[in-house]
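Number of protein chains: 2
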Amino acid sequence: MTILDGKTTAQAIKEDIAKEVKQWVSTGRRPPHLTAILVGHDGASETYISHKESDCKQVGITSTIIRFEQTVTQNEILDMIFKINADINIDGIIVQLPMPKHINEQAIIEAIDPDKDVDGFHPVNVGRMVLGLPGFVPATPDGIRELIRHYNIETKGKHCVVLGRSHIVGRPMANLLSQKAYPGDCTVTVCHSSTPNIKELCLEADIIIAALGVPLFLKANMVKWGAVVIDVGITRVPTSTSSGFRLVGDVDFDAVAPKCSFITPVPGGVGPMTRVALLKNTLKAAVLHQK
Amino acid sequence: MTILDGKTTAQAIKEDIAKEVKQWVSTGRRPPHLTAILVGHDGASETYISHKESDCKQVGITSTIIRFEQTVTQNEILDMIFKINADINIDGIIVQLPMPKHINEQAIIEAIDPDKDVDGFHPVNVGRMVLGLPGFVPATPDGIRELIRHYNIETKGKHCVVLGRSHIVGRPMANLLSQKAYPGDCTVTVCHSSTPNIKELCLEADIIIAALGVPLFLKANMVKWGAVVIDVGITRVPTSTSSGFRLVGDVDFDAVAPKCSFITPVPGGVGPMTRVALLKNTLKAAVLHQK
Chain A
397 MTILDGKTTA QAIKEDIAKE VKQWVSTGRR PPHLTAILVG HDGASETYIS
447 HKESDCKQVG ITSTIIRFEQ TVTQNEILDM IFKINADINI DGIIVQLPMP
497 KHINEQAIIE AIDPDKDVDG FHPVNVGRMV LGLPGFVPAT PDGIRELIRH
547 YNIETKGKHC VVLGRSHIVG RPMANLLSQK AYPGDCTVTV CHSSTPNIKE
597 LCLEADIIIA ALGVPLFLKA NMVKWGAVVI DVGITRVPTS TSSGFRLVGD
647 VDFDAVAPKC SFITPVPGGV GPMTRVALLK NTLKAAVLHQ K
Chain B
397 MTILDGKTTA QAIKEDIAKE VKQWVSTGRR PPHLTAILVG HDGASETYIS
447 HKESDCKQVG ITSTIIRFEQ TVTQNEILDM IFKINADINI DGIIVQLPMP
497 KHINEQAIIE AIDPDKDVDG FHPVNVGRMV LGLPGFVPAT PDGIRELIRH
547 YNIETKGKHC VVLGRSHIVG RPMANLLSQK AYPGDCTVTV CHSSTPNIKE
597 LCLEADIIIA ALGVPLFLKA NMVKWGAVVI DVGITRVPTS TSSGFRLVGD
647 VDFDAVAPKC SFITPVPGGV GPMTRVALLK NTLKAAVLHQ K
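In order, the protein sequences belong to chains A and B.
The numbering of the first sequence is my numbering, which starts it at 397 and goes up by one.
The numbering of the second sequence is my numbering, which starts it at 397 and goes up by one.
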């Protein structure tokens, strides 16, 4: 059984990106620039944004955080996005989700210039991904592909069961892994809350991508020997420790791991790969804009 | 066993569309207008285009066919598309595929205004479909949904196996039927040329959508009792009859039908539903443009 070490893999990719950024800047161009929009003061969102900021710094990507109070109107955010779209010194735009209830998230996402949409959430980028055309792929599925690639895991003709159909993980993952490509060319089954026989389907899987957000959902008796298990779940479970919580995945790791050929831990598996995928997309956007 | 009669169902929907168009025109608006671009003189393409033309006429939608010789350049087609995009008297634009080899089909498709893209092939519409947002859904998947709806076939929690991953049938079908909607909320498995155990997977299916384009691929020993079988395949097989060919589906109908709860015939199943879906989309486009 091999642990898919997202932390080390992401670190190696980060070093590659840092080198590329350095070369890029050495040609006289400005460094890639990422702008993040954050509304309100949600604790988790603050953490994510500060991670993204420090990740950028580590590889030489510059970044700005634009903060709005919880009371901001949708039009104020839209006006800001139009301004950033037009700013030739900004390559990538992300909007930290979730937004407050009075903001239409989809309207915000669709206002972003698709060529700066480094989260890959704009319908044009979703369509391009589904059609196998160049564009921005959302960070989590892209990070998972990178991890599969890094460990040379065979995917062609394998049966991949994706648990969850979210727009940011399950659905893109299913579309990508069923394409004639590497990683890909899998037979893909998408399971979700209405699937009555998830256990039986998981037992058929060569590869399981667990992205339901249900802590410890995948048990050992749902996994066949030799399977590859990728755990996307990351739920904060309260503890009496100083942080007040620990991160728990969708997979009952201790019980499942012995049966696997490859498995990701939580934390340290998909999470760091997701973070690095955003950097890759931002560099890609810079190359697209400044060629 | 019930035959899913696409011909009769399509006829009923056509009558509804004709009524709607009549009402629409009675408010003083011009009828919906579809423009088709046809390059060269391929026999099958000529047939499809003339069907589309006569379908339009039957429901009161006006149409134009713009013909180019095989030698046309890509830029000449693009210029025409830009002209049609800007023409407020045209609601829907379709480009009859395949195009000659020297034309980049994707560039042509992406030049079409997404709001006039009644084939639903533009990446924006593909993305919107995948995200469950309003837009144009390609005709064949939309026609299949309509047929399922018309016969009140239960889909929630059912296992649907889609054979084929084409951009125009298999992939959109898989994305639509896995969404939380009716028809939909299925567990969906996508099989294709790299799937080693199609037979076993089909035997698990409550619903099979056969869209491989391989005549008589699906045999009776691949289908469980009570399954719903939708046959998208339509291959011209040479015969000594006056037409010179007969249309053969992907399903070995005579052997498979007795095991099914519902099955589509070929011809007269999915085909007419596909044709009617284009009319629906054109009417929808007209309403979008002239509201």
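Hints in this document: simulated from the structure, not taken from any laboratory.
Take the hints with a grain of salt, since some may be wrong.
Intra- or inter-copy, both count: the list cannot distinguish identical chains.
Said to hold, decoys possible - Here are the computed lysine-lysine pairs in the DSBU-like style, where the Cα-Cα straight-line distance is at most 35 Å: (1) Lys687 x Lys497; (2) Lys680 x Lys403; (3) Lys576 x Lys415; (4) Lys687 x Lys595; (5) Lys479 x Lys497; (6) Lys615 x Lys687; (7) Lys479 x Lys552; (8) Lys415 x Lys615.
Cross-check of the supplied hints:
1. Lys687 x Lys497: Intra 39 Å, inter 29 Å, cutoff 35 Å: inter-copy only.
2. Lys680 x Lys403: within (22 Å within a copy, 50 Å between copies)
3. Lys576 x Lys415: within (31 Å within a copy, 44 Å between copies)
4. Lys687 x Lys595: neither (49 Å within a copy, 49 Å between copies)
5. Lys479 x Lys497: within (23 Å within a copy, 41 Å between copies)
6. Lys615 x Lys687: neither (49 Å within a copy, 54 Å between copies)
7. Lys479 x Lys552: For Lys479 and Lys552, the Cα distance exceeds 35 Å both inside one copy (44 Å) and across copies (44 Å).
8. Lys415 x Lys615: For Lys415 and Lys615, the Cα distance exceeds 35 Å both inside one copy (41 Å) and across copies (56 Å).
Hint check: violations occur at hints 4, 6, 7 and 8; the rest are consistent with the structure.
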